[in-house]
Amino acid sequence: MANTKENNNDATTDPDEIARFDKIGADWWDEAGIFRALHRLTPVRMRYIKHHLARLRPDSITRKSSTPLAGISVVDIGCGGGLLAEPLARLGANVTGIDMSEVAIDAASAHAKAARLPITYRLISAENLASEGARFDLVIASEVIEHVADRGAFLTAMASLGRRDIPAIAIITTISRNMIATVLAKYAAEYLLRLAPPGAHDAAKFITPKTLRREAKAAGINIDDITGIRPSLLSGFALGGPPVINYAATGLIEPE
Amino acid sequence: MTKSDRDTTKAADFGHGIHIVGGGLTGYAAALALAEADFPVTVYQSRTPNKDTLRTTTINPSAYDMLKDIGVIAALPADALTPIYQIMVTDDADRDNTHDPVMTWDNSAQANQGAALAWVIGNAVLSDMMEAMLATHDRITVCQTDITGYQSRHPDYHHAAAALMTADDRLIPASLIIAADGRNSKLRQAADIRVITRNLGQSAIVSTVTMTEPHRHIAWQKFLAGGPIALMPMPDMHMASLVWSMTNEDAERLMKVNDERFAIALDDATDLTFGRITDIGVRQAFAVIPTHALWPVAQRLVLIGDAAHAINPLAGQGYNLALADVKALARMLMAARRDGMDIGSRQLLHRYAFSRTPEIATMTLATDGLNMLFSFGKRRRRLAGMGMALANLQGIKSFALHVASGRLFGR
Chain A
1 MANTKENNND ATTDPDEIAR FDKIGADWWD EAGIFRALHR LTPVRMRYIK
51 HHLARLRPDS ITRKSSTPLA GISVVDIGCG GGLLAEPLAR LGANVTGIDM
101 SEVAIDAASA HAKAARLPIT YRLISAENLA SEGARFDLVI ASEVIEHVAD
151 RGAFLTAMAS LGRRDIPAIA IITTISRNMI ATVLAKYAAE YLLRLAPPGA
201 HDAAKFITPK TLRREAKAAG INIDDITGIR PSLLSGFALG GPPVINYAAT
251 GLIEPE
Chain B
1 MTKSDRDTTK AADFGHGIHI VGGGLTGYAA ALALAEADFP VTVYQSRTPN
51 KDTLRTTTIN PSAYDMLKDI GVIAALPADA LTPIYQIMVT DDADRDNTHD
101 PVMTWDNSAQ ANQGAALAWV IGNAVLSDMM EAMLATHDRI TVCQTDITGY
151 QSRHPDYHHA AAALMTADDR LIPASLIIAA DGRNSKLRQA ADIRVITRNL
201 GQSAIVSTVT MTEPHRHIAW QKFLAGGPIA LMPMPDMHMA SLVWSMTNED
251 AERLMKVNDE RFAIALDDAT DLTFGRITDI GVRQAFAVIP THALWPVAQR
301 LVLIGDAAHA INPLAGQGYN LALADVKALA RMLMAARRDG MDIGSRQLLH
351 RYAFSRTPEI ATMTLATDGL NMLFSFGKRR RRLAGMGMAL ANLQGIKSFA
401 LHVASGRLFG R
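If you're matching them up, the sequences are chains A and B in order. Oh and the first sequence: position 179 is 179 in my numbering, straight run, nothing missing. Oh and the second sequence: position 371 is 371 in my numbering, straight run, nothing missing.
These aren't lab readings, by the way, just hints derived from the structure by calculation. Just so you know, not all the hints are guaranteed correct.
Under the rule of at most 20 Å between Cα atoms (straight-line distance), these lysine to any residue pairs were calculated in the SDA-like manner [stated by the list, open to error]: (1) Lys50/A / Met332/B; (2) Lys50/A / Arg337/B; (3) Lys64/A / Arg153/B; (4) Lys113/A / Phe14/B; (5) Lys64/A / Arg331/B; (6) Lys50/A / Ala335/B; (7) Lys64/A / Pro40/B; (8) Lys113/A / Arg331/B; (9) Lys113/A / Ser152/B; (10) Lys113/A / Asp156/B; (11) Lys64/A / His154/B; (12) Lys50/A / Arg338/B; (13) Lys64/A / Phe14/B; (14) Lys64/A / His158/B; (15) Lys64/A / Asp156/B; (16) Lys113/A / His154/B; (17) Lys64/A / Arg139/B; (18) Lys50/A / Pro198/A; (19) Lys64/A / Ser152/B; (20) Lys64/A / Asp271/B; (21) Lys64/A / Gln189/B; (22) Lys113/A / His158/B; (23) Lys64/A / Met332/B; (24) Lys50/A / Asp339/B; (25) Lys217/A / Ile166/A.
For clarity, every value in this text was computed on a predicted model and none was experimentally measured.
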């Protein structure tokens, strides 16, 4: 786990966003704290990822095993405190988590160590990791794309992190761009329900499924599934329904 | 599940494991259920176990299925379970024929088809069998360690583990603590979980009795002025297990009299339903204080069984409720594992607590309510008698049986 500042003069990182997440602090793992909505979102994200991995890679998923993702390499871009990296690692995946917030990477590393999970965390941007030559079966950007500076460059970096020999998979979860999403996911969630830190999101960076599909295609990711994530009274979130507020997308990465 | 079926790498055993505190029937069942689901578990039992050899437990069909699933039923000797084919409930109101039960459920016509309404088993038999199974299970570690306390966060692992404290001040990190340490749960106090208690000044006397007439597989219960009395069938046709609730003063008095005097009191209380009582085993008395945890979870800790809800013993539903806890918890942990989730996570435990609320609340209200109605005051009891006559109507009866069999809430 390399926690030293690495070269980060890249196009995708928004320094203001990083400063904001650094300021929010290390309480990523307080389930009742400011990241509680992300905690609630995690089982849903995991179910979505498992389902589409099994769909696109039926041979490499060992369904009966308690570690069905064994042998799958995953990079979680913008991993934050490691909320998604840990369950992926628990299912046996070989996980690398990267983030540009040093506070987040420190919290993630400390928690994985305390939870005895083998995860590699690095303070590095997606394009710098790609230029090192790192390649993965699965490239995840969950609740991240709405925070990046240059979405096109970010999607290109995502695509370049996919392995070349067999088609790699990209999975993105984000917030749609419309009136309902803006009111609910930004204002209600941040200021009314306190489900997310105030100022966590900039509604201008929200993105519709249609735009995401087009921009991903241009970057070499062919999105073939978009699934809505709807609020649920009992468990916080549930999969299914139209992609009005939160949604998840899966695509195969074109091998160049 | 045999060893070869399991993932040999055991790579899923991340974190700090599941720790079950309490060496009683509930803790044992939890250990076996989770180990059968391939979770490694550690069980802590006190070095001075208190074995109550006298008491019997009533198992409803849902609990029977659960015990069957974890291999306990198959391991028990054939005569360990005494089936109940008929439940007879009555009171001591002045009616034309006081021997007519106010309420009965009768399956004796289908007895040969195994249509038992419930089963009775001796606590000692069940406990010994489970203990033996625990000792040989490759996923279970049993520790003879007294657990004295709990910390919501282990100092070395912060959010990733809670801690159990031992008598010699060691801290054991745990991903999930299952507190099955009984009605006076130490862990419940240590975790500062608030309870509602109803001390109505009642005690129960338990014993085994020998009767001149056979029990015919009838579970018999009568509501008396001080509390209910119940006779549950035992393997010997002429023996029954007695649970007799009464005021503390009466219990104190009846614990002091000799067996002959006690038998006379029993003959009076049972209306000679099974003939005269000829022999009485060792008597034990304990206070009946229904205790109900308001919300049975804390950071990485969940209360199950009597630790969460010590209900009135009158309906013999305590262990059934505990096994339903175990079943629900095991199911949730398995689902969490499939999603790679932390098995001690807050959202998981809260969802568990939420899912258990309807059954626990129904059972608590039903047992407490029956006891309150019948045990105190003449007018109230007349009302209760009317209520029971009403309850004899088919719809209400089958609803009550559904709740009691564990099938209304269990899926």
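Run the structure past the numbered hints and jot down the numbers of the failing ones, going up.
Violated: hints 3, 8, 11, 14, 15, 18, 19, 20, 21.
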